[in-house]
Each structure stands twice: as structure tokens, then as C-alpha cells.
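K.L.:
Given chain A's structure and the hints, the job is docking chain B onto it.
Protein chains in written order, with numbering that gives the first Met the number 0: chain A, 0 to 376; chain B, 0 to 376.
Heads up, none of these hints are tricks.
Repeated chains share a single entry, so a pair holds when one copy, or any two copies, can fit it.
With a straight-line Cα cutoff of 16 Å, these simulated EDC-like cross-link-like pairs (lysine to aspartate or glutamate) come out: (1) Lys71 with Asp291; (2) Lys71 with Glu292; (3) Lys363 with Glu251.
Just so you know, the hints here were simulated from the structure itself, not pulled from any lab data.
2 protein chains.
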Amino acid sequence: MSAFRVLKSEREARLAVLETLHGAVETPVFMPVGTQGAVKALLARDLKEMGAQIILGNAYHLYLRPGDGLVKEMGGIQRFEGWDGAVLTDSGGYQIFSLGVLRKIQEEGVTFQSHIDGSKHFLTPERVVEIQENLGSDICMCLDECVSYPSSHEYTGASVGLTTRWAARSKASKRNGSQLFGIVQGGMYGDLRLQSARDLLALDFDGYALGGFSVGEPKGVMWEMVDVVMGLLPAERPRYLMGLGFPADIVEGVRKGIDMFDCVIPTRHARNGKLFTSTGRINIKHARFARDETPLDETCRCYTCSHFSKAYLRHLFVTRELTSYYLNTLHNVSFYLGLMKRIREEIKQGRFEAFYNEFMSEWKGGEVHDGLGICNG
Amino acid sequence: MSAFRVLKSEREARLAVLETLHGAVETPVFMPVGTQGAVKALLARDLKEMGAQIILGNAYHLYLRPGDGLVKEMGGIQRFEGWDGAVLTDSGGYQIFSLGVLRKIQEEGVTFQSHIDGSKHFLTPERVVEIQENLGSDICMCLDECVSYPSSHEYTGASVGLTTRWAARSKASKRNGSQLFGIVQGGMYGDLRLQSARDLLALDFDGYALGGFSVGEPKGVMWEMVDVVMGLLPAERPRYLMGLGFPADIVEGVRKGIDMFDCVIPTRHARNGKLFTSTGRINIKHARFARDETPLDETCRCYTCSHFSKAYLRHLFVTRELTSYYLNTLHNVSFYLGLMKRIREEIKQGRFEAFYNEFMSEWKGGEVHDGLGICNG
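If we strip away everything but chain A, and leave its shape as in the complex, we get (with noise of 0.2 Å):
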């Protein structure tokens, strides 16, 4: 029996069950990012709490820092974090590209400089299969070269290629039951992207990924990329969009049949004051919430919005309160696994398309993409 069930569709979106070695996760699914070890500013039994039923671990980030084979040790990256759901890890790959000038690739692997001390590192395809079981990842991802925006149909096909040896090593020297997806690239390129969609199918893989995305390209030329690949990928797979994105990325997504995302949008627009709700985003410094006495969103049940006003989280943020960070991190994520959860909810009772159109003509909150760096959180 596959690991993915689709339980009910709506057009293109659709309600499913993955099951992991640590529980079954629902789809349409947000994966709240915990980079290198913690979600930042929040604590397991917050994310617990607030519904998360998966989160993403940076393979790059822990196999620096404290390094795959401490976490081993420790029992995995579940008992180390405290953290007993699912967790997917990224290989690295979307972080190795962002070193820019500190990495080389090549056939056999790829060589970097670490971001932290400049100390040089060489990974390969199966090295990096290694770091994810040895953390103990229940979703491994194969290493995979992220080409920049642009880049020639030349280099980009020469790139989708090696990819694609990668993702083969990557699959050959899987050792436990973890899961392993396969990650599509092809840049800007349609007729490259579906050629590396079409290699990933043929070595199987338990899920496919699109990444390559948030390099700066524009973001109708993404979706277009996403359309472009998403008639060719297996429905009794899950499909993860990497990376993205604003709440109206997301709800775009799910429509065209996307089952995964994870992004530092909540964790870092929250450490900058940027916070969701249910009308739009706002930027809580602002001095009109100084004696605003309501909380940040009245239909939210987060501990934040049931607690405080937005004149006291102003306050806190104005004088850099460590607090500021962790309540306002605390709904942001609670933001986006509601809506997720109501995402599921609409799909599950056929309504998920007035949803859409519904939410596309009423939310006013944070439509550009930009570029995310290292990608840290």
C-alpha cells in the first residue's frame, strides 16, 4: 500500500494522508521550518499545540552544526528537538546554491565553503542520503543543483542532467524505510522541466518536489513552470512546491494540486513585525496600533490573539523584547497551519474552488516574492 492516499478531489486540489514513520500527516500540508533545530522563537509544545503535524529540518545546516552523527547519537532529530510528528529534511542543495562564489560542482559532488567559520566541505549525492538518515528523517530529498535566475538553456539543461545522475545515486544508496522525493528542476525552461520531471518518474521516487523557485525570477514565470509539470506528475504521489510563499501562494498552490510547502515567511515576517491575518498583513510597528486595544485577529485562537492587544505586541516589538518575537512567531505559524487546516476543511466538503475565489478577491497581504538568501529560518 502506498504511503499516500488521496481521500477526496477537488479539480486539481486535493485532501490526502501521508504516513511517515511519525504519524500520518494531512494534506494540503504546511511544514513550519526549523533550520537548525528549532522552529525559531517557538518551542515543541508550541508547535504541537497549534496543529503541526510535520516541520522541516536544513541537512545542510545540521550536518554543520551539531553535525549528523551527534544527532545519531542523540537518538535522532525527533528525541534531540523534543519533537515527536514527521519531520522532512532538505538536502541542501537550495542552500549551497546561495553561497554563490563559496561552492563548486562538480560530477561527483559538490564543494563548499561553510557560511559559519569558511572551513571546506565536499557532499555527495549518497553523503547527503547519509546526513538525512543519520538525523533521522522520516522525508529524505535527493541533493540537486539549483541553478540560478537566468541561466542559459544550455547550462540549465547540462544542470537538469546531473540532477537526475544525483537523484539515481541518491535513490541506489538509500539504506532505511525513510522516504526519499525526488526534487525537479529545468529553471525557466518548460521543455526542461519536463524533462527532468520525466527522469525523476522513471527512477520512482516516494514524492516529487519542484524546487528551484525564489531565485528571483518572476513569479508568473514560476507558476507557469508549476503547470508545466504538474500534468506529469502521478496523483498517488505527494507534491511539494519548495520554498513558497505568501498565504496567496499557498492557496494557489493547493488549487493546482500542490500537497506540500514550507517557507520562512511566518518565522521571519514575524521577527520583523509583518504579521497575518485574516484581512490582510500588517506591520505591527506602526504607531497606529500604539493604543489599539483589540488583538492582532479577532477570529484567530491562537495564545497570542486570545491574550494580548495589538497596542501591547507594539510595544514589545518597539523595544525588542525577546517576548515580541515569540508571540508574534507563535501566530504567524498559527496563521498558516489555519489556513491550511481550513484549505483541508473547504477541500473535504467540496468548496474549496469558492474558497479561492473568495480569498484571491479579498486578502490584501504580502503578494511579492522575494528572494530568501541562505535561507535560515
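P.N.:
Leaving out everything else, chain B in the frame of chain A:
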């Protein structure tokens, strides 16, 4: 009936209850420091969960941001901060003293420049009471002058006179039903400490604080000054040793008859990775903890100790994750509150003296008492 009832004494140490407008506080008590609207890195619900009964706020900081008028409009400090326990506010004397050349003290009041934006402010003893009443404090402190160490007998004597006159003006300006404590000053001169205490006793305050310490004086001199004053303070009023200290200081203070303590040490040390355990203080960044699977303190029941290893806490600290500040602070504050609970229990059972001897012979952790600057959280 007095707001303060002694339930049991053992030599000078006493177990008592202090009634406030926001509930009864069992003493000896430690007040976590919530300088400018939050105990740094914690949530109100954490404080409740770990048994905090009263927290400290700082009139100086809250006057500057967000302003006492705003807090009043928002329903007072408890409602603003989502904290339903008691609040004591420091008058700002110590903070203004810490500003050094930026402040000028005159009979009428004190002129100072904000440490935030350099703006000029003038505060009188009456205005400082009003600020604290606006904030909605359960216990207000009189504005005092805190002299530097060393200061001449002449200067200190004149300063005690001023502090007494300010205390009289503070009392005369008190409007609402909250309590007002006087602050005994007198630097490191026993005769002036006695004079200050006598002057304040004549004014009859709800409680008496010992202030003007943590200014660079040797700890032995500080305890001498405490000893000089303690004999004079009435048994039926709470005694508060301001700004102290390390665990051993608190145990020592209780033995001398002190009822109330506050200090930034547990919170500030937490942010610096210095963590208190039942056998002393450790620095979590130390490499020897990299693979340590045990909790910080086997005997501690806080969330941090019941869920995480030293290896994980070290990793979070080394990678500067915000979650590190949170988990560390949660533990250190729990440790302090646990120590106070233990102290109360020992007094109740008539075993405090035995506990004192055992603690002082076995405890290894951070006895050096350092000046704490602007004293922000």
C-alpha cells in the same frame, strides 16, 4: 488588619503572606524582573505555570515606553501584559542613578536624559507615584537617590535627607489603594543607614526596602549594612532587598529576615548560557556538553529539563537560536522560584537553619556579585 502576616519564624527567617490587590503572595518570594512589559523571553502563561506570584516592572522604562498614560488607558499593567498576578514597580531611582552624567538631582526632583533617544525628562517624587498608580502597580516604590560607591559621608548624609524628604512627598501624594514602600539608603555608612531607616519608619510605609546596593561595593560591606538596619525594621512589615542576587545571596538574605527579592541574574544569565542547577552553575556552551544526553538538572521539573538534553541546549545556544533564550530562561526562573518554594517549606517545617548550612556548604555557583548597569531585565 495588616496586608502582611507572619505565619512562622525560625530565628530571623520568616514565612509570611503579603496580601495585594492581585492576590496573596507567599514570602520569602523572588520577583522575576519584567523591566519593560515582559519578563525577557517568557510568556505570562509560563510564569503562571512555574508558580510566580508577583513580578517586577520598572517605572522608569515603562514611563519612557510605552508611557504610563498609555498603560492606564489599556486597563493597567496586568491587563496590558496578560498577567493576573501581583506587580511591584521599581521607582526608577536605581536606573536614573545608572545614567551617570545624564542625570541631575535637585530638591524638587531629577532631570535626566532618556537612554533611548537622549530626550530630556524631569521627574518628581509625586510624578513617580502617579506613574506607578497609572501603571496599576500593586506595590509602588518611593523615588530615592542611589549614591555611587564610594561616596563621602557628607554627600551620603545629605542624600539620605533628600531621600527622606522625597519619601514624605511620595507618601503625601499617594492616591489609590495600592501599597507604598520606602527605600532605606545610606550608602556604606552604618549611622546613615540607621538614620534613613528611622526617618522612614516615622513616615510609616507598607513595607521597607534596602536599596543602594549592587553599585560596586564589596559584598561583605553590603551584608554589614543589611545587618545594621534589620534590627530596626518592624516585624509586621515586609522587607525587600532590592536587586539581589545569586542563589546563595537569597538564602543568606532569608536567614537575615528578608522577605522579598528581585534580580536580573536568572534571566540575564540564561541569555548568556549560564544555567543554575541544584549542584551549582554551569555554562552550557562548554564543549563537554556537546554529547551530554542528560537534562540540565535531574531534580528539576521545568519544561526544559523534562524534555531536552544538555546537548540540545548547547546546540541551540551555540547556533544562537531564539528558542535557546527561551528554554534557558524558563529553566533559570523555574530554578529561582523552586528555590523560594523550598525555602518556604523549610521554614514551615522548622528546618531552615539546617537547610541553610547544607546549601552553603554544597552550593557552587556564581557568588561573585557584579554591578548590573542600567538594570534592564
